[in-house]
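Chains L and G supply the protein sequences, listed in that same order. With the first letter of the first sequence counted as 1, position 433 gets the number 444 in our numbering; the numbers rise by one all the way through. With the first letter of the second sequence counted as 1, position 70 gets the number 81 in our numbering; the numbers rise by one all the way through.
Misleading hints may appear alongside valid ones.
In silico SDA-like links for lysine to any residue, alpha-carbon gap of 25 Å or less [as the list claims (entries may be wrong)]:
#, chain 1, residue 1, chain 2, residue 2
1, G, K175, L, S206
2, G, K287, G, A92
3, L, K178, L, S206
4, L, K236, G, D265
Sample of chain G residues facing chain L (criterion: CB under 10 Å; computed from the structure) [what the hints assert, rightly or not]:
#, residue
5, H47
6, R272
7, M280
8, S298
9, L352
Per the computed footprint, the stretches of chain L lying under chain G, defined by three or more beta-carbons under 8 Å from a beta-carbon of chain G, are [to be verified]:
#, region
10, 238–245
11, 258–271
12, 284–293
13, 300–313
14, 347–360
Calculated from the structure, these hints are not laboratory results. The beta carbon of each residue, even a glycine, is placed where N, CA and C say it ideally should be.
2 protein chains.
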Amino acid sequence: MHTEQSKQNPDHLKQLYEALEHGSPQEVINLLDTMHPSAIANALKTLPRDLRPDLWQLVATPSKGEVLLETQGEVRQQLIAVTDEQVLLAVLAILEIDELADLDADLPVSVVNAMVGAMDTERRQRYETVRFYPDDTAGGLMDVDAAAVRMDVSLKAVLRYLRKLRKQKGALPEHLDSLMVVDRNNQYLGILRLSDVVSLGAKTTVSETMTAGVPPISVLTPAAKVARLFEDQDLISAPVVSQTGRLLGRITIDDVVDVMRDEAEQEMMRRAGLSKTTDMFGPIIPSAGRRAIWLGVNLINAFIAASVIGLFEDSIDKIVTLAILMPVVASMGGVAGSQTLTLVTRGLALEQITHSNAWRLLLRELALGLLNGFLWAFVVAIIAFLWFNSAQLGIVFGIALALNLLTGALAGTLIPLILQRLGIDPALAGGVILISATDVIGFLSFLGLATIFLL
Amino acid sequence: MHTEQSKQNPDHLKQLYEALEHGSPQEVINLLDTMHPSAIANALKTLPRDLRPDLWQLVATPSKGEVLLETQGEVRQQLIAVTDEQVLLAVLAILEIDELADLDADLPVSVVNAMVGAMDTERRQRYETVRFYPDDTAGGLMDVDAAAVRMDVSLKAVLRYLRKLRKQKGALPEHLDSLMVVDRNNQYLGILRLSDVVSLGAKTTVSETMTAGVPPISVLTPAAKVARLFEDQDLISAPVVSQTGRLLGRITIDDVVDVMRDEAEQEMMRRAGLSKTTDMFGPIIPSAGRRAIWLGVNLINAFIAASVIGLFEDSIDKIVTLAILMPVVASMGGVAGSQTLTLVTRGLALEQITHSNAWRLLLRELALGLLNGFLWAFVVAIIAFLWFNSAQLGIVFGIALALNLLTGALAGTLIPLILQRLGIDPALAGGVILISATDVIGFLSFLGLATIFLL
Numbered sequence: 012m013h014t015e016q017s018k019q020n021p022d023h024l025k026q027l028y029e030a031l032e033h034g035s036p037q038e039v040i041n042l043l044d045t046m047h048p049s050a051i052a053n054a055l056k057t058l059p060r061d062l063r064p065d066l067w068q069l070v071a072t073p074s075k076g077e078v079l080l081e082t083q084g085e086v087r088q089q090l091i092a093v094t095d096e097q098v099l100l101a102v103l104a105i106l107e108i109d110e111l112a113d114l115d116a117d118l119p120v121s122v123v124n125a126m127v128g129a130m131d132t133e134r135r136q137r138y139e140t141v142r143f144y145p146d147d148t149a150g151g152l153m154d155v156d157a158a159a160v161r162m163d164v165s166l167k168a169v170l171r172y173l174r175k176l177r178k179q180k181g182a183l184p185e186h187l188d189s190l191m192v193v194d195r196n197n198q199y200l201g202i203l204r205l206s207d208v209v210s211l212g213a214k215t216t217v218s219e220t221m222t223a224g225v226p227p228i229s230v231l232t233p234a235a236k237v238a239r240l241f242e243d244q245d246l247i248s249a250p251v252v253s254q255t256g257r258l259l260g261r262i263t264i265d266d267v268v269d270v271m272r273d274e275a276e277q278e279m280m281r282r283a284g285l286s287k288t289t290d291m292f293g294p295i296i297p298s299a300g301r302r303a304i305w306l307g308v309n310l311i312n313a314f315i316a317a318s319v320i321g322l323f324e325d326s327i328d329k330i331v332t333l334a335i336l337m338p339v340v341a342s343m344g345g346v347a348g349s350q351t352l353t354l355v356t357r358g359l360a361l362e363q364i365t366h367s368n369a370w371r372l373l374l375r376e377l378a379l380g381l382l383n384g385f386l387w388a389f390v391v392a393i394i395a396f397l398w399f400n401s402a403q404l405g406i407v408f409g410i411a412l413a414l415n416l417l418t419g420a421l422a423g424t425l426i427p428l429i430l431q432r433l434g435i436d437p438a439l440a441g442g443v444i445l446i447s448a449t450d451v452i453g454f455l456s457f458l459g460l461a462t463i464f465l466l
Numbered sequence: 012m013h014t015e016q017s018k019q020n021p022d023h024l025k026q027l028y029e030a031l032e033h034g035s036p037q038e039v040i041n042l043l044d045t046m047h048p049s050a051i052a053n054a055l056k057t058l059p060r061d062l063r064p065d066l067w068q069l070v071a072t073p074s075k076g077e078v079l080l081e082t083q084g085e086v087r088q089q090l091i092a093v094t095d096e097q098v099l100l101a102v103l104a105i106l107e108i109d110e111l112a113d114l115d116a117d118l119p120v121s122v123v124n125a126m127v128g129a130m131d132t133e134r135r136q137r138y139e140t141v142r143f144y145p146d147d148t149a150g151g152l153m154d155v156d157a158a159a160v161r162m163d164v165s166l167k168a169v170l171r172y173l174r175k176l177r178k179q180k181g182a183l184p185e186h187l188d189s190l191m192v193v194d195r196n197n198q199y200l201g202i203l204r205l206s207d208v209v210s211l212g213a214k215t216t217v218s219e220t221m222t223a224g225v226p227p228i229s230v231l232t233p234a235a236k237v238a239r240l241f242e243d244q245d246l247i248s249a250p251v252v253s254q255t256g257r258l259l260g261r262i263t264i265d266d267v268v269d270v271m272r273d274e275a276e277q278e279m280m281r282r283a284g285l286s287k288t289t290d291m292f293g294p295i296i297p298s299a300g301r302r303a304i305w306l307g308v309n310l311i312n313a314f315i316a317a318s319v320i321g322l323f324e325d326s327i328d329k330i331v332t333l334a335i336l337m338p339v340v341a342s343m344g345g346v347a348g349s350q351t352l353t354l355v356t357r358g359l360a361l362e363q364i365t366h367s368n369a370w371r372l373l374l375r376e377l378a379l380g381l382l383n384g385f386l387w388a389f390v391v392a393i394i395a396f397l398w399f400n401s402a403q404l405g406i407v408f409g410i411a412l413a414l415n416l417l418t419g420a421l422a423g424t425l426i427p428l429i430l431q432r433l434g435i436d437p438a439l440a441g442g443v444i445l446i447s448a449t450d451v452i453g454f455l456s457f458l459g460l461a462t463i464f465l466l
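Using the sequences and the hints given, assemble the complete structure.
So this is what it looks like as structure tokens:
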């Protein structure tokens, strides 16, 4: 009877902090023993940088690898940097090949060399196969451990093969829900589900039982596309083949879930000009530098908008009320534009926007902008009239606001479409460019109309 | 040999549009036959509303259920509304119980009643079990089809049981990678992996083979928490138990992947005041109404900021340059604050921020704000000096900008912490409140300092 320790308890974190501060190392070790590696990784991330080595040192060597896999970027690099090279090699020796491929970019070259040197021929070959493909492709995600069988054997022979495999290696590959079926030349033919193996007679042959037509994934398919295939087709595992159809390995859903999580997180962080690997407690100076770049980009935008206001210095000098109302016009255009931008960016990511419907989408967004433009133009015109007792000012304010809502709809639709055409990720740059557009047009339309009609 | 049709080809969409416009219905049907239900759902979403019924009508009845499952909200409701009730009942009759539970909130009551009326006793009981739990809990996600075995039987008996089950039902439950082990009272004891069943001798007993200690998920666990457990522990399936430990069902990763995707999408959409179920081509008036609400919330914010400017009308009247520079101060504070807000909101969602480290986080963010405050205060002071030839104006501008970057750091840290304490999702309301804070403090500090030192 195997026993897995994988209770995850939110109280663990609190207990752990207390044990670290007031308890003995043994208390901490006992607590760590009851925690899943992902919970330990989480605890390390929440610790201030200077306290992490103390906790890390107490994590059992066999768990260290799993914990490293659950960290990223700065946190992972810090943990690796404070680990003795011999311990690190022992940790790496027990990881799976696809896990190594995920870690090795963060390892010192000397450790990678020593690790490869200590591998047996088979492991080294498999490692080199996976290393050959970029991390963000099917090849980088796959496990080369795929158990494959021929089409002409019986299920009885399959069972015999699996028992032998288990004896030889000590265990079967993780998350084994199906075997790959190949021909004599290792060409991929289909999959054999374990649930079919266990529920059909032992004399049935593989060719009668196998599921053909499960499309294999080409080894150079981008990781994001792999994730979408898994999501859309509810896959648990999928074969990976070379361009000539030769079976190279297998991708399992746990790796894909990591890709999905990383993608969602990355998108959120990138919108704020942060990187996904940002350590909440990373060293201050490099963090400040990275944020400074984003602030600099936005400063340029802000000064462009300011220079538009500068054009109308005389008008503001004559009617100071314009200065009070102009940020309202700019900000409402930005909000309306962000709604459209979010919708269009999502549509592009899900491949729901094509040549054929982009025009219709633009017209619909403009219609929405027009409707809300009328509504809010009316509302703000009344407010401005009541506040400053000038009907003319109210009308100019309302018209400028409606124009800027339309600008938001137009910019929110066109900016992501153009960025994608240029090969730039709309999720990254779209927001900054949009705000620049709605600020400039917002100030220009309001101050311009006021200069024409109110002076 | 089963054959699955699941090629997904980006060219399909283009071909489909052409066939719809110029081809015969048979051409469209042939094309649909080669498409995975998720691809058909995607095609329906990208079609303008008035063309959807034409395509939907040509989708084969057995595929209609899968397609409906891949749609949400307005699109799904439209498709259901244009489907004949008899066809709908035929579609529903072949879906799994957990799939029905996902759809039924969008079905007319008359259809749900007719559907339940047509079920046999076993299916009805299972349906009612799942219906009993809210959609966004483990109970709502689970499949009650879990195949369970006793601890004291041999693997040979397990194989016999599975063959019998398959004969009775025609197929085993989807994504079956493990069986549940229970005692006489249906209390959950552990899992039996199929990969162990196929690779160990037939005389081994379940108790020797099973994996104990895989923690079951309690039936009322929120769906988001279930997703996190699957991610963190690399699960493929997990047992669901009642509060007394009785086995109720099984959650498989494909359902969890849907939860993960929905969550990521929902978060992105909510930040722009949109709902995840928004139809890109939905009817204009209700769409405009929903967006109007968000614009209204932001208008209130914008007028609060405007009223702060209004307090300094006299100062702007005397130094009109203030009106040119004040949006720069406000916008930079907003950008800096958004960076902090994103980091803290993520940390809260991942449960990486606790009582013990919240203070340290706040201090670190303030330190970052201070560093970038110094840097950019210096830069903008120089720019303002060169532009308007006034050292005093440059100094006031720089100080106000630094103060607002600090405000951004403070608000970006405290707002999500406070919102979470109040039980409000920081991802939803955080951005709006933050911008309000940085706008108000930005205008107040710049115009206030200018009034004191420049007039």
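Comparing the hints with the structure gives:
1. G:K175 with L:S206: holds (13 Å)
2. G:K287 with G:A92: Given that 25 Å is the threshold and the Cα spacing comes to 20 Å, the pair holds.
3. L:K178 with L:S206: holds (21 Å)
4. L:K236 with G:D265: holds (17 Å)
5. H47: holds (6 Å)
6. R272: holds (6 Å)
7. M280: Holds. Min distance 6 Å.
8. S298: holds (6 Å)
9. L352: holds (8 Å)
10. 238–245: holds (count 6)
11. 258–271: holds (count 5)
12. 284–293: n = 5 at 8 Å, threshold three: holds.
13. 300–313: With 9 residues close enough to chain G, the hint holds.
14. 347–360: With 8 residues in contact (Cβ-Cβ under 8 Å with chain G), the coverage given for the region 347–360 of chain L holds.
The structure fails none of the hints (numbered hints given earlier).
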